[in-house]
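Go ahead and model the full structure; you've got the sequences and the hints to work with.
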Amino acid sequence: MDGLISFFASHHAMRAEAVLKGSGWAVRLIPGPKDLSPNCGVALRFEYAQRENVLAALVAKNVRIDGVHCYRPRSDDWSVRR
Amino acid sequence: MIYFDNAATSWPKPPAVCAALSDYFGDAGGNPGRAGHRMSVAAARIVENAREAVAELFHANDSSRIVFTQNATHALNLALYGLLRPGDHVVTTSIEHNSVMRPLRHLETLGVELTVVACGADGMVDLDILHHALRSDTRLLVTTHGSNVAGTIMPVAALAAFAHEQRILYLVDASQTAGAIPIDVQHVDLDLMAFTGHKGLLGPTGTGGLYIREGVALSPLIRGGTGSDSAHETQPEFLPDAYESGTLNVAGIAGLAAGVNFLSEIGIDAVKTHEQKLVAQFLAGASEIPGITLYGPRDGALRCGVVSFNVNGVTPSEVGLILDESFGICARTGLHCAPAAHRTLGTFPMGTVRFSFGWFNGPAEIDVALAALRQIGVWARSELATH
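Those sequence lines, one after another, are chains G and R. Counted from 1, the first sequence has number 46 at position 46 by the working numbering; the numbering is strictly sequential. Counted from 1, the second sequence has number 242 at position 242 by the working numbering; the numbering is strictly sequential.
One or more of the hints may lead you astray.
No more than 25 Å apart at the CA atoms, straight line, and that leaves these computed lysine to any residue pairs for SDA-like [unchecked claim]: (1) G:Lys-21 - R:Asp-367; (2) G:Lys-21 - G:Arg-64; (3) G:Lys-34 - R:Arg-223; (4) R:Lys-13 - R:Arg-223; (5) G:Lys-21 - G:Leu-58; (6) R:Lys-277 - R:Ala-364; (7) G:Lys-34 - R:Arg-38; (8) G:Lys-21 - R:Asn-31; (9) R:Lys-13 - R:Thr-205; (10) G:Lys-21 - R:Asn-261; (11) R:Lys-272 - R:Ala-217; (12) R:Lys-13 - R:Gly-224; (13) G:Lys-21 - G:Leu-36; (14) G:Lys-61 - R:Arg-45; (15) R:Lys-272 - R:Asn-361; (16) G:Lys-61 - G:Ile-30; (17) G:Lys-34 - R:Asn-361; (18) G:Lys-21 - G:Tyr-48; (19) G:Lys-21 - R:Lys-272; (20) G:Lys-34 - R:Phe-238; (21) R:Lys-272 - R:Asp-367; (22) G:Lys-61 - R:Thr-205; (23) G:Lys-61 - R:Asn-61; (24) G:Lys-21 - R:Lys-277; (25) G:Lys-34 - G:Gly-3; (26) G:Lys-61 - R:Ser-264; (27) G:Lys-21 - R:Tyr-24; (28) G:Lys-34 - G:Pro-73; (29) G:Lys-21 - G:Asp-2; (30) G:Lys-21 - G:Phe-8; (31) G:Lys-61 - R:His-59; (32) G:Lys-21 - R:Ala-55; (33) G:Lys-61 - R:Ala-55; (34) G:Lys-61 - G:Ala-18; (35) G:Lys-21 - R:Gly-30; (36) G:Lys-21 - R:Ala-42; (37) G:Lys-34 - R:Ser-382.
Simulated from the structure, these hints should not be mistaken for lab results. All values derive from a computational prediction rather than experimental measurement.
Right under this line is the structure:
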C-alpha cells in the first residue's frame, strides 16, 4: 500500500478505518509518521491509485482528514530484507 | 433483595458490560489516540465504537459531536461554564438537580443573571410562565428531561421551540431519561444534552457525555493533552478532542458501549413502556394505601421511572431503614441532591422516599413493595395513635 491518510484526531482515523473496511477496501492503521503530521496517533495506509474513490467515501460519511500522501514507510524494506 | 434505586445508579448491569471491562483490561489495555501500536489502536476503536453507538442511540448524525465526560455533572458544568459569560441571562426551572443549580448559583456570583421558573406542585413547568421568563437577552434555557424526584417528564420539544423562536440555546439534562425514554436530538432540535452512562444507559460509573450541536461553541472546562495537534501548545478547537483532554476512562467507556448495545437490541421504546407500567402499577396500588402521600404527576405516562412518596407520621429516613432492614428493598430517602425540587413539591426539608425502577425490575417486586408499605402504614397509624 503506497498511500497514506493523516488525521487531526484519532476519532476520524478510527471512523475512516471503519468506513473503508466496511466498503471492502484494504486499509491498515499505522503509527502516524512524524515527518508528515505532528499528531501522536495513527494514520491509515491505502492504495494511492484508489484515492479519488476513497476520499469520496470519507466525505460522504463526514470523516475529516488532515492530508493524503503518496507514502511508503521505510519500514516496508525491513521485512523485505529479512 | 429488591433494588429500587436506579435513578442513583442502575443495577444490575447486563453481563456484557462486565465482560467488556474484562476484555479491555485483558486485550486492549492501551491509551487511545496516543500511539499507533496495536494496544493503543484497540483502545481507540473501543472509544470510537462507543461514540458511534451513543450517537446512534440519540440520533446524532455526527458522532464527533458526542463528547465523553466523567458523568452528567461534568457535562453540565462543561456546557454551563463553557457558554455563559457575565451579563448573560439564563433561565431554568425549580425542579432542577443541584448539578444544574449549583453551577448556575455560582455563575450568578460571577455576574450571570439567573431566572428560576416555578414549576407546579407536580413538578410540571407552566409553558406560559416560562415563555414570559425568556428575554431578548436570554442566552440559555436549561431544564431537566425527567425529574429525579417527582419523575415528571418535561415537554422538551415545546421548550426547544420556545427557546429557538427567540434564538436562545437549549440545554437538556437527560440524567434520568437517557436510555429510558427515546431521545432524538435532531428531531427535538436540542443544542446541548448532558447524559450519564451509569443510570439508564446501564454502563459503569465514571462515564457520561455531552451532545453539542454543530455551530455551538463552548470554552473547554479543562485543557491538556489530546494526542492530536501535538506540535501546538494551545488547545485544539475540533471535536471531540477540544473537550477530551487527558486520558479517557476507556474501561468505563467499553462498558458503556456494551450497555448501549444491550439497549439498542431491546429498543428504548420497550424500556419506556416497561418502566411506565411499573410506575402505573405502583401509583395505582400506593394511592389505595391509607396514610401514603404521593408526589408528582398521577398519570404514569407523564413520568419516567421515578416515584416519590411519604408515609404520614414517619420520616423518609425511617421508612428507608425499615424497607431495607425488614424487606430488603433499596430506596433512596431525603432530598436527592435537589432542594429546589423538594421546595416545589412542598417536601423540603425532610424530603421523600424515592423508588426508581429499571429494566431489570418486575411487577412482582412492585407487589412486594406495596405489601411492605401497607404494613408500614398500619404501624405508622398505630404509632401516631399511641403517641
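How the hints compare with the structure:
no.	hint	verdict
1	G:Lys-21 - R:Asp-367	51 Å, violated
2	G:Lys-21 - G:Arg-64	16 Å, holds
3	G:Lys-34 - R:Arg-223	23 Å, holds
4	R:Lys-13 - R:Arg-223	32 Å, violated
5	G:Lys-21 - G:Leu-58	11 Å, holds
6	R:Lys-277 - R:Ala-364	12 Å, holds
7	G:Lys-34 - R:Arg-38	18 Å, holds
8	G:Lys-21 - R:Asn-31	23 Å, holds
9	R:Lys-13 - R:Thr-205	11 Å, holds
10	G:Lys-21 - R:Asn-261	21 Å, holds
11	R:Lys-272 - R:Ala-217	33 Å, violated
12	R:Lys-13 - R:Gly-224	33 Å, violated
13	G:Lys-21 - G:Leu-36	23 Å, holds
14	G:Lys-61 - R:Arg-45	17 Å, holds
15	R:Lys-272 - R:Asn-361	13 Å, holds
16	G:Lys-61 - G:Ile-30	21 Å, holds
17	G:Lys-34 - R:Asn-361	53 Å, violated
18	G:Lys-21 - G:Tyr-48	16 Å, holds
19	G:Lys-21 - R:Lys-272	36 Å, violated
20	G:Lys-34 - R:Phe-238	20 Å, holds
21	R:Lys-272 - R:Asp-367	20 Å, holds
22	G:Lys-61 - R:Thr-205	31 Å, violated
23	G:Lys-61 - R:Asn-61	10 Å, holds
24	G:Lys-21 - R:Lys-277	43 Å, violated
25	G:Lys-34 - G:Gly-3	16 Å, holds
26	G:Lys-61 - R:Ser-264	22 Å, holds
27	G:Lys-21 - R:Tyr-24	22 Å, holds
28	G:Lys-34 - G:Pro-73	11 Å, holds
29	G:Lys-21 - G:Asp-2	17 Å, holds
30	G:Lys-21 - G:Phe-8	20 Å, holds
31	G:Lys-61 - R:His-59	15 Å, holds
32	G:Lys-21 - R:Ala-55	20 Å, holds
33	G:Lys-61 - R:Ala-55	14 Å, holds
34	G:Lys-61 - G:Ala-18	11 Å, holds
35	G:Lys-21 - R:Gly-30	22 Å, holds
36	G:Lys-21 - R:Ala-42	15 Å, holds
37	G:Lys-34 - R:Ser-382	78 Å, violated
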